[in-house]
Amino acid sequence: MTTDERLSDLRLLGLDAEADDADVLEAYGRRLALYEAENLATYSLRNEDARLQLLADFEAALNRLIVKPQPQMVISKSLASEAQEIDLPAGPEPDRDGSPGAYIRYHRLAQGITPADVALETKISGARLEAIESEIPGDLAAVYVRGFMVTLARFLGVYDPEGLARAYLDKLGSNSGEGHQV
Amino acid sequence: MLGPAKVPFPRLFAVIRENIASIAAMSESNRETGPRIWAVGGGKGGVGKSVISANLGVALARSGQQVVVFDADLGGANLHTLLGMPDPRLGLADFLSRDVATLQEVRTPTPIEGLSLISGARGPLDMANLKSAQKQKILRHMALVEADHVVLDIGAGSAFNTLDFFLSADRGILVVVPEPTSIENAYRFLKAAFYRKLNRAKPGEGVREVVGRVMSEIKVSDIYSPRELIDRVAEKDALAGEFLALQARTFRPGILVNRVSTPEHRLLGEQIGLACRDYFGTEIDFLGCVDDDALVNRSVLQRRPHLELFPASPFGRSIKALAADLLERSEVLDDD
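These protein sequence lines are chains A and B, in that order. If you count by numbering that gives the first Met the number 0, then the first sequence holds residues 0 to 181, one letter each, in order. If you count by numbering that gives the first Met the number 0, then the second sequence holds residues 0 to 335, one letter each, in order.
One chain only, chain A, in its complex shape (with noise of 0.2 Å):
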């Protein structure tokens, strides 16, 4: 990617060259919720078909700025890494929207995933994964979950990354009463 079309991106996501990962995550989440389909700020300004075109851009923009590592290099990583057994997870898939904090471990560990690899890729430290895969409610606003939610099923390869993240804010939501704070 060259520096001009990283800039570009930046720009999309409204930051500067000096945006780290973390920034990227942010913006790119703010977006997510600024974008919604019924939201007061923008459902005037564009129409449906602009909405998701736009959409579609801040998500094809995020995919080139963090890049997502093929989850064989990490297991190779894994193996590598100090005589850790892998065991894979017993029992079958957890329900995403049931237990959305589950089965972000199942498929994490199904892949031989340590957190220590997440943290090196995403920057997620092992302490915040842990709260997320155990669904405990933090201290973050719901647009910065969305991102680490987004980034952690993009890096695990699981199939709708967004329905995943909504699954998650909608459960905690609940459990903590409260719509914005997760």
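Incorrect hints may appear among the rest.
[Stated by the list, open to error] A short, non-exhaustive set of chain B residues, derived as facing chain A with CB atoms under 8 Å: (1) Met84; (2) Leu166; (3) Asp169; (4) Pro179; (5) Tyr186; (6) Gln270; (7) Arg276; (8) Phe285.
[Stated by the list, open to error] Covered, in the sense of this in silico footprint (three residues per stretch, anywhere, with C-beta under 8 Å from a C-beta of chain B), are these stretches of chain A: (9) 48-56; (10) 112-122.
Calculated from the structure, these hints are not laboratory results. These numbers were taken from a predicted model, which means no experiment stands behind them. Note that CB positions come from ideal geometry on N, CA and C, so glycine has one too.
The hints should help you fit chain B onto chain A, whose structure is shown.
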């Protein structure tokens, strides 16, 4: 974003210099002296522009500034009522009919020290029907008013004259309420103002031709926003793109969200700012929120400035915070 320049360097510098000079000549905030001008508009009527304009004037005057509130809501002027004054004897109509020569002479003192009013109340004028020459005359003389600040209530709608008053200010303030109709109208207003600004700008001859040619080559149905248009033009011609991008960069109205009562409302202003950045490619300032306050109705009914009757109310505190913020911003504008 910009591709390689298609013009050799010496010529490029000459053309840019020429264009920037003409852009600067048209520039709204090119004045070194004269009052700081804040234009308050809303696109839609009934969002609270006039109450905000009047009380903003009061708040600025109370912090020791010399302030003129200018009621340019022709056909709907009522700032005098909100300030607790009778219909002023002299007003804008007298200035335009040449009965008086300067705006200073139609300045009416108000009950608030440091605050005077220029009223649009008398006369058969309507903002839409104001002639261009009259508008130019008002704008010229407004820069000569002896005050620190002019708070200009430009009324509702997007008539060219309304847009021009908005664009000519040091900072335009767009008032919205958290309702779909208000926000729709606000965007309509901003789009109209933006295109008006593009049309009024005077690029050098070479650039105008290029912009025209490039725009005729672009398939308009593919373009969803002014920002995309500017990016497409820039792809085809760096200089034309830069000219348009400069217009976008210097289009910086502020958004004020009135009648705020929930956390979602507070997010709205930031979101509008973000949406405008994506749509216009410009930094739109979110100026803050003004709290919903049942006491506003009461002060209006009593025909007294709200800040006089209820200074510690939610609305009162919001307006005082806005005034303090604008004072800080005007110091920054001075450094530009």
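(request) May I ask you to test the interface hint for arginine 276 of chain B with respect to chain A, counting a Cβ-Cβ separation under 8 Å as satisfied? (result) Nearest chain A Cβ about 6 Å off; hint holds.
(message) Take the shortest C-beta to C-beta distance between aspartate 169 of chain B and chain A; is it under 8 Å?
(response) violated (25 Å)
(message) For the restraint on leucine 166 of chain B, tell me whether the closest CB of chain A is nearer than 8 Å.
(response) violated (21 Å)
(request) Can you take a look at whether the region 112-122 of chain A is actually covered by chain B? Rule is 3+ residues, C-beta closer than 8 Å. (result) violated (count 0)
(request) Under 8 Å, Cβ to Cβ, is where phenylalanine 285 of chain B needs to be relative to chain A, so tell me if that hint holds or is violated. (result) violated (11 Å)
(message) Tell me if the interface restraint on methionine 84 of chain B is satisfied: Cβ within less than 8 Å of some Cβ in chain A.
(response) violated (37 Å)
(message) Using a Cβ cutoff of 8 Å, are there at least 3 residues of the region 48-56 of chain A near chain B, or does the coverage claim fail?
(response) holds (count 3)
(request) Hold the hint about glutamine 270 of chain B up to the distance rule: shortest CB distance to chain A must be less than 8 Å. (result) holds (4 Å)
(message) Under 8 Å is the threshold here; is the Cβ of tyrosine 186 of chain B close enough to any Cβ of chain A for the hint to stand?
(response) Holds. Min distance 6 Å.
(request) Double-check proline 179 of chain B for me: the hint is only fine if its C-beta lies closer than 8 Å to a C-beta in chain A. (result) Nearest chain A Cβ about 6 Å off; hint holds.
Consistency note: the structure conflicts with the earlier hints numbered 1, 2, 3, 8 and 10.
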